[in-house]
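In the order they appear, the protein sequences are chains Y and D. Per my numbering, the very first residue in the first sequence carries number 21; after that it's consecutive. Per my numbering, the very first residue in the second sequence carries number 343; after that it's consecutive.
Do not rely on the hints blindly, as some may be mistaken.
What the hints assert, rightly or not - Chain Y residues, not near chain D, derived (Cβ > 12 Å throughout):
{"#": "1", "residue": "K30"}
{"#": "2", "residue": "K49"}
{"#": "3", "residue": "A184"}
{"#": "4", "residue": "E198"}
{"#": "5", "residue": "S217"}
{"#": "6", "residue": "T331"}
{"#": "7", "residue": "K417"}
Stated by the list, open to error - Not everything, but these chain Y residues come out facing chain D in the computed CB check (under 8 Å):
{"#": "8", "residue": "M21"}
{"#": "9", "residue": "N23"}
{"#": "10", "residue": "L27"}
{"#": "11", "residue": "L33"}
{"#": "12", "residue": "S35"}
{"#": "13", "residue": "A36"}
{"#": "14", "residue": "S191"}
{"#": "15", "residue": "T195"}
Unchecked claim - Each computed BS3-like pair below joins lysine-lysine, with the alpha-carbon atoms no more than 25 Å apart:
{"#": "16", "chain 1": "Y", "residue 1": "K49", "chain 2": "Y", "residue 2": "K215"}
{"#": "17", "chain 1": "Y", "residue 1": "K73", "chain 2": "Y", "residue 2": "K245"}
{"#": "18", "chain 1": "Y", "residue 1": "K22", "chain 2": "D", "residue 2": "K387"}
{"#": "19", "chain 1": "D", "residue 1": "K530", "chain 2": "Y", "residue 2": "K163"}
Everything labelled a hint here was simulated from the structure, so no lab data went into it. Just so it is clear, CB atoms sit at the ideal spot from N, CA and C, and this is done for glycine as well.
Residues per chain are reported as follows:
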Amino acid sequence: MKNVLKLTIKCILVSAPIWALSIYLAVAKQHYSNEEVAYLTWNREFTQKHQDKHYDVVCIGDSACNAAYMPEVMSDSTINLSVLGVSPVEGYYILEEYLENNDAPKDIIMTYHDTHFHYMELFWDEIVASHRFDFRTNLKIIKDAKEEVTADRGYVGALADLVAYQLYFPSKYITSFEKSFEEDRKAIKDAAIKKISLHNGRYTCVGNEEFITGQFRPYDGFYAKDLYANYLRKAIDLCSQKGINVHIVKPPLPDNSQMSEEYVNQINAFYQGFVDNNSNVTYAWPVAMYTGADFQDEVHLNNDGSYRFSTDIRNKYYDAFGDMTYSAAQMHSIDDTIAMEIEAEDIFTFAKDRDYTMVLYDGRDCIEDCKTLLASPNDMEITPIEDQELPDNYVAKMYYCKSDKACSPKIQVTPSSSGAYVSVDDGEPWNMEFNERAGIVAVVVDNINKEIIAIKNIEYLGAEGFARYIF
Amino acid sequence: MLFNSTEFLLFFPICVLIYFVFPKKIRNYWLLICSYFYYMCWNPKYIFLLMASTVITYASGLTMEWVKNSDKDEKSKTKLKNWIVAISFVSNIGILFYFKYINFAIETWTRIMAKLGVTITPPAVDVILPVGISFYIFQALSYTMDVYRDEIYAEKNILRYALFVSFFPQLVAGPIERSKHLLKQLAKPGEFNYDNVRSGLLTMLWGYFLKLVIADRCAILVDTVYNNVSAYFGYQIIVASILFALQIYCDFMSYSTIAKGAARVLGYELMENFDLPYFATSIKDFWRRWHISLSSWLRDYLYIPLGGNRKGRIRKYINIIITFFVSGLWHGAAFTFIIWGLLHGIYQIIEDLLKPYTDKLLAKTKLNPKNAALMVLKIIVTFILVDIAWVFFRANSLGEAKAAFRNAMQLGGLPPIKEGLFNLGLDQRNWIMLGLGLAILFVSSVMRANKVGKVAATVINADGKVTTADTADVTSSVAGTGRDTVELSKQGALVNWISARFFIIRYALYWGCLIMIIFSMDITGQEFIYFQF
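With the rest of the complex left out, here is chain D:
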């Protein structure tokens, strides 16, 4: 069930209505039923994988808690906990490996053996990649790690824990939530809150705008070029690559935005997954802004345990490479994804190596590091580097990625840009719609970067209750009120700005947005890219 499918448009209101009609005590059970139903709509039998991952990590949490509270000595406790974590990781990663990587591993092994002159004919493994498996397994594992590190108590209520792993808004494409954040909220069932529901619905609307108006339109051109890359040259490849960067951003961000909105309607707050990644001024900065839930997961549960930057420069670089290799592999069982990940790792190492020199250069030229022109230049350079890596991500094979680079260099003999662009799948009307959509996205991004409009704040109280408030309220009252977590949601800058307008302008903007969505419905059917991961 995709967020942009008819089923979801019927499922969600029914789910929400019944959710709020039910007494608070059973609301979360209803959500669990809905979440399992949501997952089963794709393929009912794969619900067992979700359940298996839930049970394994739930049991590992409880067992670790039991070990912690037992009267064994510390050494034995640690040893036992290590074993429990290992079992949890091996079984979860085992599931992930079998369903996502087994054929890739067999194929790679066959190729390596063939290079060595040994011909083997391995049996083909007929598996379908279960939707969202990479997301929920990582989410469940983060819980195991958090209990292991004593950052949270083990959850005793298995149904609540099952809801944490399967919470439908973020089940199949993230954000990969942390137990400290979501599980804590689930302790208290969401309440009907006019502002939350309103803000959630508007957030969802913005998500649909990103998906239907921008991402799916970009996809038409990108698919035309990248599905027959040898037939396109010069600016055609360049335009397709730039549009892919925008497509994947809007596509993935739209999913996260709709997920966030849907969760907010239900009274829960999901973490931010994006923070204007194409406004990043370096690759390191990019990874602080792109797919935040995954990059922070990899940082907390892989990079830091590997030693992070604490064990010398060489080790740090090795850790970076390992982390980005895993990141690439997480995205897909193909060398294109691995190269994409490694390229980002290499970018970061080069950036780190060059940093002393760039700092010196800045000092010599007495240029203000916050200089606007310099910032814009950095943004452009970062975008180009990111976009080069995206070519590997999008290409159907390494050979096609190479062909894309080669053909992009061939600038002669092409039709004039004005004519040529219309031959890539988008007609004039679609170009205008895309341009308008991108302009709105740009304005919204600039507003967000400059924190224009009232910035909404999500407040998670000590008891897990979620409310929204203005920033001013929060900063002035956070002390002494028992509120222990404050997240500033910059995401809603445009929504908040619109909300503050006179109602005629407000409705004109809502309707304008909705009409653009309606007139983009004929090009839907595009799945969310991150569904495949």
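Next up, chain Y with everything else stripped away, as it sits in the complex:
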């Protein structure tokens, strides 16, 4: 017995680096885990806690779903709880978890890309690794899914891996741990949490990268495995029990997709089957394709595509979303989208239906073109600044631009050495630098939150109008 004790103590001592690292990995996740884990952690915390705010519409699905729906554009009462890499199996548990802790929404939008009706390694790499679910739920998934998630590691291997992840065994996290020496992962995580909170759960492909390809992607057929279809059915049944309307929506694919008739028929038949068997289910594939400019890659819509699609869905299910009055939180989300926008025209598109005012500086006598090409098509009006005490040379060059939906906060414009200072409600002034290259310099003001959100330089190309991209 003495020897057993001695051996045990020695084993613990010799293996101390392993235990120590495991403990660190368990308690200091925010210092080594990547951005994706931050999103999944946010998602888990959101669904596992009772939210003070009631959401009427909840989006459930995979990354295609996450990228497709901009809650801020749909309604103040919409939340996007879809997660990268999940299939209907994990989607069901996310929904179940949310409904256990929160009142049932009126409507649920479900969207999964075709690939998630087959096994993907992301269950291990994302869901298990990030501890999105507790041990019991993961075990339930492994038991139900069997070879679907254990194919390349065996059932015993899967259980062992699950335990290893649960105990934060170093082999499972060492890559993240090593990478944390190269970048400040805490700061990255904090930024990610801020971003996902700001956009009500949307985090995939938030940005303006465009998908450019010369290759076609064939879609010849759709063959969902039973497991995934069963879980989709389970999720629908759960919604039926709670009296929730389910809208199965298939988002568009990029225009390099080559869909066979058989594929389209199979997709429609598959989803229509759920509609036929459940009175609370609708199915829509509003538009088959968008251009590559609306996508970040072959599956995920970028900001422009998401805005376009979310607007379409909002109009299609108008009853679900109700009247559109923008809350301060929604405006903050849209502010962020405008701040990262790189196309001149899109800035006006985002601003047109909402309470924004733009302060413009005309650097190259192009205000008329600005009216014709950018403002008028978006129902916005450009007027000279007359309510400020400015020198004549400023008065002749500076304008307001807004739609009839915009109110006017107290905007102050004062000359500066390099341009003009602009502030709202006596807040911190932003220096609007006049530069020779820009035809139009635009300061975008969120009237509801009374904040300046961005300064955009729009290049004027003379007879060719304005450059597509701002600088």
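Place chain D on chain Y using the hints.
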């Protein structure tokens, strides 16, 4: 279930804990259950092959024992025994042939016929190579041969025999144990022994170090080059080939080391499989040090029965070629392995032919054969020859092996070595880790070669009980104590040396080793090379 998998890290402690908690009588049954479970984790249905091989060889042993004790005349006994051995061999080799070589045989036959102008379209045989089949079939056959030769009695307890064939630490990648060694130990269930368990665990740690820190890192560079060999030239191929020699050594030795450690924890001692093979001074010497359990198997059950060196020089050379041909084929159903084996056979024949001349040269120059510089030169030459053969072993096809040799000769137009080496899959950090790992391996090898540190001895008593002791104890007390087998385990030289240090140094070294292992875990996922054989 790989030794470097998460399952094994959970399976092994549970297996060991329950093993020692159980009463001695049922410990081996528990081990048998664990061994079968271990094998079934890979593919449950292939357990039937393991069982079939076990039953056939067990039955052949018992039948031979029955024949031996019957009142038939000697001639009839021999005839009957020959038949039993033949049945055992044909059925076991038949299983091995079907599952490992059938497609290779069909493909080769189709090619030969095509060369002769006959086009045949044979049916494709859809078989998966059962893991470890070459190992356990050879182990089971060695038992049949040992009973045949009256070197051991047939084992009556089928469960014990089944454990001998399926003993999980060495089931899928050896060492290919002998019944005289392992079966005898299994007669007595292992007991908890603090020194054995401690030494076993440290041995396992060393095995993991070899695998994760060295072998898997070498694999990154080797795979980069050898999976696209036409894109690499000169030093790139040479470095990859040298690293492959180190990779396969560390990979295979790590498996054997972990197996040895795991068995020792359970109270059993497995045979040594390696004895510093890259310190060999000739090819013959290399084969005394490399994969000892296989080379001794081939020597005892193939080379010697063929006549060995007893039937003249020509016959001896033919026997060498046959033995190495089988060795190559045992490693894999591909011509690359056969060429690798044959090349070693040819090396040995050339070495034998040159021996009188080299001896004369030494005599003329009055050079001491133990001269250090001469030894180093011999080691280098042997390593180069071995490494040339490894090219065939590693290349994905004979064509790629040829391309590797051709490209290795092209030295011009390459980026400077310092830059070029970083473009082969290993970054600076990994090169440093690899260099450090190799330095530790080198120091450990030199210590072992010079027998530094207290050399542990494994003592197998007459009743099969295994204990460890210092060499001094063993040599002074072996006579008259009933101990009939003494194996000096030089393997543990570094471990023993570390064990004798002050605890701060000791723990610093353990932790250093463990930290290197932890920081190598991101490159795991590499299977043990010998799993495929």
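Structure-based check of each hint:
1. Remark: the non-interface label on K30 of chain Y conflicts with the geometry, its nearest Cβ contact in chain D lying 7 Å away (cut-off 12 Å).
2. The beta carbon of K49 of chain Y is kept farther than 12 Å from every beta carbon of chain D, the shortest such distance being approximately 18 Å.
3. With a minimum CB-CB distance of about 4 Å to chain D, A184 of chain Y fails to clear the 12 Å threshold, and the non-interface call is violated.
4. Under the 12 Å C-beta cut-off, the non-interface status given to E198 of chain Y relative to chain D is violated; the minimum distance is some 6 Å.
5. The non-interface label for S217 of chain Y is consistent with chain D: the shortest C-beta to C-beta separation is roughly 31 Å, beyond 12 Å.
6. Once the 12 Å rule is applied to beta carbons, T331 of chain Y is consistent with being away from chain D; the minimum gap is 44 Å.
7. Separation of K417 of chain Y from chain D is adequate, the least Cβ-Cβ distance of about 55 Å exceeding the 12 Å criterion.
8. For M21 of chain Y, the interface hint is violated, the least distance from its beta-carbon to any beta-carbon of chain D being 10 Å, above 8 Å.
9. Proximity of N23 of chain Y to chain D holds as hinted, the smallest CB-CB distance being about 4 Å (cut-off 8 Å).
10. Checking L27 of chain Y against chain D by beta carbon gives a least distance of about 6 Å; that is within 8 Å, so the hint holds.
11. Given hint, L33 of chain Y at the interface with chain D, holds; its Cβ is 7 Å from that chain's nearest Cβ, closer than 8 Å.
12. Given hint, S35 of chain Y at the interface with chain D, holds; its Cβ is 7 Å from that chain's nearest Cβ, closer than 8 Å.
13. Restraint check, A36 of chain Y versus chain D: the minimum CB separation of about 7 Å is within 8 Å; hint holds.
14. A cut of 8 Å between beta carbons decides the hint on S191 of chain Y: the least distance to chain D is about 4 Å, and the hint holds.
15. For T195 of chain Y, the interface hint holds, the least distance from its beta-carbon to any beta-carbon of chain D being 4 Å, beneath 8 Å.
16. Between the alpha carbons of K49 of chain Y and K215 of chain Y the distance comes to roughly 19 Å, so the proposed pair stays at or under 25 Å and holds.
17. With a C-alpha separation of about 37 Å, the suggested pairing of K73 of chain Y with K245 of chain Y is violated against the 25 Å cut-off.
18. A C-alpha spacing of about 43 Å is found between K22 of chain Y and K387 of chain D, which places the hinted pair above 25 Å, so the restraint is violated.
19. Pair hint K530 of chain D plus K163 of chain Y does not hold up; C-alpha atoms about 40 Å apart against a cutoff of 25 Å.
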